[in-house]
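Undergrad: Top line first, the protein sequences correspond to chains F, G, X and U.
Numbering (the working numbering) for the first sequence: 1 to 420.
Numbering (the working numbering) for the second sequence: 1 to 169.
Numbering (the working numbering) for the third sequence: 1 to 210.
Numbering (the working numbering) for the fourth sequence: 1 to 397.
A hint or two may mislead.
To be verified - Here are the computed lysine-lysine pairs in the DSS-like style, where the Cα-Cα straight-line distance is at most 27 angstroms:
(1) F:K101 <-> X:K11
(2) F:K101 <-> X:K156
(3) F:K322 <-> F:K189
(4) F:K89 <-> X:K194
(5) F:K141 <-> F:K303
(6) X:K194 <-> F:K375
(7) F:K375 <-> F:K101
FYI, nobody ran anything at the bench for these hints, they're computed from the structure.
The residues making up each chain are set out below.
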Amino acid sequence: MSKPLDFDAAEQLAMATGDVEPEQLDHDAPVSLPPPGPRYEAVPRAASPAIPEPEGELLEVSVGPHHPSTHGVFRMNVVLDGEKIVQLKPVFGYLHRNHEKLGEQTTYLGNMPYTDRLDYFCSLSNNWAYALAVEKLAGLKVPERAEYIRVITAELTRLVNHSSLVGFLLHDMGTMGTPLMYAFREREKILDAFEALTGARMMCNYHRFGGCRVDLPPGWLDQVRTIVDNFPRFIDEMERLLSENEVLIARTHGVGVLPPELAVNAGVTGPSLRASGINYDLRKVDRYGIYDRFQFRVPLGEKGDVYDRYMMRILEMRESVKILQQALRDIPEGPVIDPKVRLRNFTPPVGEAYGRIEAPKGELGFYLISDGSKKPYRYRIRPPSFINLTVLEDMCRGHTLADAVIILGAVDIVLGEVDR
Amino acid sequence: MSATFAILATWTVLAALGAMALRKPVHAALSLVGALMGVAFTYLNLGAEFITAVQVLVYVGAVAILIVFVLQLTRGEGVEGESLAVQPASLGLGIALLVTGGLIAAVVFLPDWRAAWPEKGDVALKRLGEVLMNRYVVALEAIGLLLTIAMIGAVLIALKRPDSQPPES
Amino acid sequence: MDPGLQNELSKRGIFTTTWQELLRFGYNWGRKNSLWPLNFGLACCAIEMIAASMARFDIARFGAEVFRPSPRQADLMIVAGTVTKKMAPLVVRLYNQMPEPKYVIAMGACAISGGPFKQGYNVLKGIDRFLPVDVHIPGCPPRPEALLHGLITLQKLIEAQEIHGPNKPRHLQETAPNEYPIPRYGRFDLDPPKNPEVWPGRPLPRGENK
Amino acid sequence: MNALDQLFVNLKQAIVGWFPGEWRLGVSVVISAAAIVGVYAGLFAITTWIERKGLGRIQNRPGPNRVGPFGLLQPLADGLKALIKEDIIPQRADRLVHTLAPILAVVPVILALAVIPVGRNMVAVDLQAGLIFFFAMGGVKEIAVFMAGWGSRNAYSLLGSMRAIAQMISYEMPLVLSGLVVAMAVGSLSLVDIIEAQAGYYGGVLARWHVFTPWGLAGFLLFLVAATAEANRTPFDLPEGESEIIAGHMLEYSGFKYALFFLGEYMGLFGMSGLAITLFLGGWRAPFSFLEWIPSWMWFFGKLFAFIAFFVWLRGTLPRLRADQLMEFAWKFMLPMVLLDVVALALWQYTAHWSVPLAGLWRWVLSGGLMFVAYLGLARLISPRRRVGPRTYRFAE
């Protein structure tokens with residue numbers, strides 16, 4: 001897909017943008033089917049089931065956009081029967097920042113800082129996904145050392161995201177912020193490393209097409225090694241505090257069950273999908289970057305409830321630590337960026353590309369169409385938060401409002417990515 | 001009759017009137033709470049601490065809350081804004097006069113109603129317990145049984161029948 | 001007391017004060033040391049706001065860790081993040097729901113001016129078009145230290161406020177409004193696009209003045 | 001020693017003595033009332049400071065430290081601010097009910113605090129039915145919560161107040177019953193008598209507190225759980241569950257009215273702690289005979305601070321339960337346990353005059369064993385972990 005095809009740019013563009021007449025397409029051409037694997041019956045989703053006859057009076061509550069546990073500006077219009085949810089309608093767009101439209105007005109390099117602000121917990125993962133898409137588009141090679149740096153930064157980002165998520169989830173359950181404080185203690189350590197590397201705590205803007213912006217500062221690897229070596233102790237601490245906690249178990253077991261069929265049909269990805277027991281991790285499926293060089297396992301849940309989603313995060317953090325240790329051991333010397341890449345006036349050839357990575361929240365993809373100019377003709381993001389959120393009503397129906405809050409918390413959304 | 005009693009009596013009567021006359025059901029219920037509290041403090045004024053505490057615990061803590069709950073669960077339709085007074089006013093007045101007259105008659109024609117005025121602080125709690133547990137134990141148990149049956153009945157009425165459940169979608 | 005005499009006395013080590021001065025001190029001291037923020041985050045900056053309340057930066061030292069989720073109990077609105085045109089009326093409404101005295105901190109480039117998303121059709125170009133902002137904190141996002149600095153700046157502002165005379169703060173002036181009109185969703189933009197009382201509309205360098 | 005112990009009693013008598021005879025009763029009442037309001041309001045200020053500092057300790061941070069030494073003046077600043085704040089009554093709210101609610105949330109709690117003895121001869125009112133009076137005042141608080149929720153005309157307020165009332169009614173049952181277990185053992189409802197019944201020492205050293213008996217220990221633990229729920233503390237703080245229903249019935253209150261609710265809440269906490277101390281921990285009595293030289297009121301307030309620290313610790317560590325789990329716990333675990341505690345007490349009293357060898361041990365086995373077995377059985381029934389079993393996770397290579 002990334003290679004320019006052999007018909008001319010205008011026709012290709014027309015096809016890609018859907019401006020082509022339907023009869024021009026060849027319907028008889030053989031279609032390449034995806035390789036056989038586990039198949040799931042398509043389950044028709046009842047769009048809005050009729051509200052059952054209530055026992056008492058229905059109460060309509062608007063949760064958000066300003067509410068302590070909607071993780072930003074997100075609204076759920078909830079219809080309650082007593083405390084039970086009979087209907088839940090999400091309302092988006094309170095943080096719609098015209099990301100994709102701005103992306104089409106800006107140069108390829110100029111878009112990189114915008115991707116930081118997409119999922120503002122994981123700016124480095126977003127950078128990588130975007131860089132991957134552009135590299136596919138332009139056919140660029142990434143030096144060995146840069147690949148290692150990318151893996152290290154992405155896995156550190158995963159640690160930041162997952163530990164903060166566990167903290168926020170427990171905060172939604174009402175722990176007065178103690179686990180959140182512990183998570184942010186670790187986050188600060190990792191952010192210090194990011195700051196030393198990129199100059200910014202949150203909005204790193206570090207990856208470039210064909211490599212990374214600058215080489216590692218002296219002593220950085222040792223700093224990261226210390227963080228990574230101490231991280232399992234933090235996970236143990238969290239687990240001792242939480243995993244066996246009676247109240248946590250009572251609150252999360254059997255709450256917000258996501259059946260695997262529904263998860264697949266709705267396009268859910270990331271830890272939420274794996275909590276439902278489906279083995280799908282882009283690091284294993286695509287083996288993008290250099291992930292095929294590392295030994296790590298993909299944890300899978302059995303019930304698909306909130307507790308499994310919580311445990312997925314904990315277990316994935318342990319696997320990330322393993323990847324980090326291997327990467328920190330093997331990282332070679334060398335250049336960090338392809339010297340032939342001209343970032344300033346970057347002009348990819350005509351074509352289209354879809355680059356995707358396993359972001360902490362799921363499959364994060366960038367779809368780019370180039371018309372040969374300095375700006376992308378079409379710039380589209382596949383946001384994992386948004387797509388994982390589509391099953392919210394199915395998970396919440398029948399539970400109480402208090403459950404909806406933690407189900408939403410365990411989906412792990414960031415509104416910058418949902419609304420874009 | 002002391003000044004305290006006068007204040008308490010006025011308070012109780014006014015609150016009771018409010019319970020009847022106020023338009024909003026919740027206001028009426030809260031006014032009833034006020035009347036019950038007034039009665040409770042009258043007991044306290046008479047030195048009957050235990051009866052005071054039980055009056056508050058049972059009537060304010062339980063009965064009033066129950067009324068409030070019922071009002072909340074059946075909120076709306078047709079109750080809001082209507083007076084709770086008995087509709088043919090003459091009937092209500094008649095009942096009220098009958099009850100008041102009966103009470104006055106009972107008090108006045110009691111052989112030694114002056115002697116029945118309780119002395120302050122004379123209500124020994126132990127004595128109350130002994131009387132309840134010896135002389136009136138059968139009556140007490142009977143009331144307990146009755147209340148239990150009533151509660152079971154209420155639970156049975158409130159219990160959702162399996163066939164009336166809405167079909168799972 | 002005559003300010004000249006007061007000054008003269010203080011030079012000799014005699015400090016004088018008046019009841020009014022004491023009242024002013026107490027009034028401002030209570031307000032400044034108990035700034036409870038509204039638990040309210042809009043976008044990226046909210047994460048740094050949370051980070052400021054976490055262990056390393058600990059906004060609690062200034063008595064400001066009581067993040068109240070209800071606007072009725074909050075004193076300080078930290079507008080942390082991009083205000084979109086869909087969200088702006090709600091931000092103004094939340095401000096209106098807060099009881100006086102109330103303060104606004106605009107945290108981050110987006111809340112000040114729209115920041116990197118300024119060209120977007122759905123992004124409000126600064127919350128000070130609708131609300132009287134006390135402290136602006138630049139940055140994208142500002143570091144938690146910057147937020148703490150902003151908080152201290154606000155405390156200093158409060159400390160210096162008079163409670164009598166013409167320089168009274170807004171909430172003590174009888175004519176000043178404590179509620180601002182909530183914009184509606186218009187056909188192309190918010191209606192009105194700005195509140196002339198807080199945004200007088202100075203001409204901007206490039207002639208853009210919307 | 002005795003002078004220090006009776007310092008406040010003598011002080012009050014001296015002040016009362018200055019007044020002419022017919023005034024004395026009135027002055028005495030005023031002094032007692034002022035002392036209760038003053039002391040507990042001061043304690044409220046210190047408690048908010050302890051809470052904020054304690055949470056800070058748990059969470060690796062300093063907590064308030066800018067105003068006064070160690071941030072001690074922080075409650076003063078908060079109080080000043082609350083006084084200054086504008087008082088908002090929502091347009092659609094019921095003005096009268098909305099305004100009365102915070103007052104009604106505080107007054108009964110203060111009345112309830114009046115019956116708790118804080119030292120030797122230091123009790124404002126020694127009611128014959130003090131225990132029942134305390135619980136009755138707790139019942140009035142429910143009305144205040146309802147008035148706050150209903151008067152604010154807000155869906156969240158109403159939800160919060162309904163939750164709060166349901167929770168308080170459910171936990172009042174075990175609370176009252178575990179209190180009555182003590183009343184049964186002592187044979188009096190007066191709190192002064194209950195403390196009197198805990199006089200003396202086992203072997204001349206260990207105090208004869210109720211908590212050192214099997215039924216008393218069980219009763220104390222049950223009372224503690226029910227009191228936590230009644231005082232709306234974590235893990236039972238659903239009525240104001242911030243992440244779900246924002247601030248519950250207090251949602252629409254600003255400024256001083258909100259501060260009053262807060263005051264009521266904390267005073268309720270003191271009341272519950274004070275009652276637990278009185279019923280099970282010997283009130284103002286020393287735990288060991290050799291510590292008797294410490295004044296009695298110091299013992300009471302020392303124990304009270306220990307309770308406050310315990311509640312802060314709970315708040316810093318536990319998540320909150322869900323409403324239906326809360327109810328389930330109240331009705332399926334607490335209530336049967338409390339009823340069994342009555343039986344355990346009966347066994348203990350019935351065997352009081354046994355003359356078998358090792359009678360003390362056998363009494364413990366009989367009475368304590370009953371509670372322990374019941375605990376094991378009921379806990380198995382109610383525990384979520386036992387119900388679902390352990391989880392195993394697969395790993396894909």
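Undergrad: Run every hint past the structure and note whether it holds.
TA: Consistency of the hints with the structure:
Between F:K101 and X:K11 the alpha-carbon distance is near 65 angstroms, which puts this suggested pair outside the 27 angstroms criterion. Restraint check for F:K101 and X:K156: the C-alpha separation of about 42 angstroms exceeds 27 angstroms, so the hint is violated. For the suggested pair F:K322 and F:K189, the alpha carbons sit about 18 angstroms apart, so the restraint of at most 27 angstroms is met. The straight-line distance between the Cα atoms of F:K89 and X:K194 is roughly 31 angstroms, outside the 27 angstroms bound, and the hint therefore fails.
A hinted pair counts as satisfied when its Cα atoms are at most 27 angstroms apart, and F:K141 with F:K303 does not qualify at roughly 41 angstroms. Taking the CA atoms of X:K194 and F:K375, the gap is near 33 angstroms; set against the 27 angstroms cutoff, the hint is violated. For a cut-off of 27 angstroms, the pair hint linking F:K375 to F:K101 stands: about 11 angstroms separates their Cα positions.
Of the hints listed earlier, those the structure fails to meet are numbers 1, 2, 4, 5, 6, in rising order.
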